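Asker: Chain residues, written in single-letter form:
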Amino acid sequence: MSNYENEDSRQKKAIPILLIITALAVCVAVWALFFRDSGPVLTPDQAPVQEEVNAEAIEGDTGEKMESPQGGGSVSLTFSRDVDIDLSDETAYLIFANPGKSNQDMVLQIVVQDTVIVQSGTLKPGNQVTELKLLDKAAKRLSEGVYEGNFNVLYYHPETGEKAIVNTVIPITITVNE
Amino acid sequence: MKHIKNTALVLVMALILPLIAITANAADAYGFAVKVSPQAVRPGGQAEVTVALTGYTAEAAAADGIRGLQVDITGIDTTKLTVVEKSTLIVDNSGPMSNTASYNASNKCVRLAYIHRSGSLPAPCEDVLKVVFQLDSALTGTGSITLPVTVKIQTFSRQITQTGEIIINYSDEIVPVINVDITWGNMQFEYSDGTWNTRTYSYDNPGWTDNGTGYVTAVNTGEAAATVQFVYNTDRTDISGSFTDGTSAIDEKVTINAGAQTTANLVLSGKPSEILDNTTIGTVTVTIGGE
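Here the protein sequences line up with chains A and B, keeping their order. The first sequence lines up with residues 4 to 181 when you count with our numbering. The second sequence lines up with residues 14 to 304 when you count with our numbering.
Derived by calculation from the structure, the hints in this document are not laboratory data. Accuracy of the hints is not assured; some may be wrong.
In silico lysine to aspartate or glutamate, EDC-like type, Cα no more than 16 Å apart, as pairs [said to hold, decoys possible]:
1. A:Lys68 / B:Asp223
2. A:Lys104 / B:Asp194
3. B:Lys266 / B:Asp251
4. B:Lys143 / B:Asp194
5. B:Lys284 / B:Glu203
6. A:Lys143 / A:Asp85
Computed from a predicted model, the values in this text were never measured in an experiment.
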């Protein structure tokens with residue numbers, strides 16, 4: 004067999020291998036783009052610029068502030084420990100307020116089994132939320148039933164946006180409906 | 014002469030009659046109002062009742078001040094209601110003979126008694142009595158509890174008695190809402206090696222000081238009891254933290270009843286393994302639970 008024929012035979016064998024490698028690369032790219040778990044949601048060290056779109060002003064709130072120690076903070080929390088989640092509209096229904104007497108902005112997370120399924124935008128003093136959208140793909144992780152979870156409440160300085168040294172965890176009961 | 018006498022009489026009457034009318038109108042205008050907060054309570058929750066005077070303005074008081082005031086809330090069924098607090102809201106530093114709120118369980122009555130021997134109730138005055146009731150947790154369904162109220166007012170010229178009622182609504186369908194206020198100091202801690210002891214050739218009393226800034230206070234401003242737990246979080250192995258109430262350690266959940274508060278002081282221990290300058294070495298988590 005001549006050198007030319009050997010080369011031709013080697014090239015013919017390489018083509019299917021290259022095709023398989025290309026197909027695998029395409030599969031990996033599709034998985035990475037559309038099916039890969041995006042990982043845990045990280046807690047912001049600075050308050051989100053975006054204010055919570057579902058925030059509503061608390062009716063009758065005078066906005067009279069609590070005394071706040073120099074360099075410290077003071078917050079007021081109003082909440083219910085019962086949360087309902089509707090998978091059909093991917094929304095959590097809740098009662099959570101940052102009354103006007105607070106001196107800190109808040110970000111509310113709903114955590115189930117160490118996974119953040121809801122993270123609000125900034126909730127300014129004097130505002131409340133009764134519904135929050137689930138994070139992307141959170142609905143796929145849930146099924147109908149009752150879960151024990153937590154509110155994780157993060158506090159941020161209203162002017163600098165710096166996260167406070169104190170945070171609050173509130174055990175809650177989450178009822179998921181389809 | 015007769016004409017002059019008649020004119021004088023008319024003038025005198027013209028001066029006196031308006032004064033009599035003002036006096037009568039002032040006293041007639043006195044009344045009372047009742048506020049109940051919240052509008053509906055969950056069984057086991059608390060309702061705050063405030064009784065307020067109406068019409069007792071500075072002008073009315075100048076015409077006919079109140080020397081005595083008695084407010085009776087009666088018919089308190091102890092199987093449904095517990096009196097948690099009763100207090101007079103009248104502020105009178107002029108030395109009234111009595112200005113107290115009391116509860117007599119056998120008479121099922123809360124009474125405010127205000128008596129001034131020589132002067133009168135400072136005006137203007139609105140809120141006079143606050144009573145906090147706790148509803149029995151065994152109540153079920155939706156309903157209301159009605160308590161009769163009698164207010165007796167003694168002015169300089171007359172006595173007025175008015176009656177009314179307090180309605181406390183309850184429902185076990187109300188979603189329980191928790192209200193908690195949290196305040197914290199700026200958590201500035203400083204480590205000192207202590208004082209060099211020339212006899213032992215070692216430092217005495219090394220450790221951390223916070224100059225009174227390392228504390229967290231939680232106040233239960235809601236109607237039901239809540240629990241709080243304080244946890245110090247750090248990744249460091251050289252410094253650890255714990256909480257005390259000033260005398261003993263706070264390791265477990267602390268129950269704070271409605272209106273009560275608790276303060277936890279953070280105590281650090283361990284010598285830092287490096288120089289720290291305005292460095293965050295840990296965080297504090299306040300966990301708020303239910304009853």
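Asker: All hints are to be evaluated individually against the structure, with a verdict given for each.
Answerer: Against the structure, the hints come out as follows:
Taking the CA atoms of A:Lys68 and B:Asp223, the gap is near 26 Å; set against the 16 Å cutoff, the hint is violated. For a cut-off of 16 Å, the pair hint linking A:Lys104 to B:Asp194 stands: about 9 Å separates their Cα positions. Using a Cα cut-off of 16 Å, the hinted pair B:Lys266 and B:Asp251 is violated, with the two alpha carbons roughly 26 Å apart. About 22 Å separates the Cα atoms of B:Lys143 and B:Asp194, which puts this hinted pair outside 16 Å; it is violated.
For the hint linking B:Lys284 to B:Glu203, the alpha-carbon distance of about 11 Å falls within 16 Å, and the restraint holds. Under the criterion of a C-alpha separation no larger than 16 Å, the hint pairing A:Lys143 with A:Asp85 is inconsistent with the structure, at around 21 Å.
In this structure, the earlier hints numbered 1, 3, 4, 6 are contradicted, and the remaining ones agree with it.
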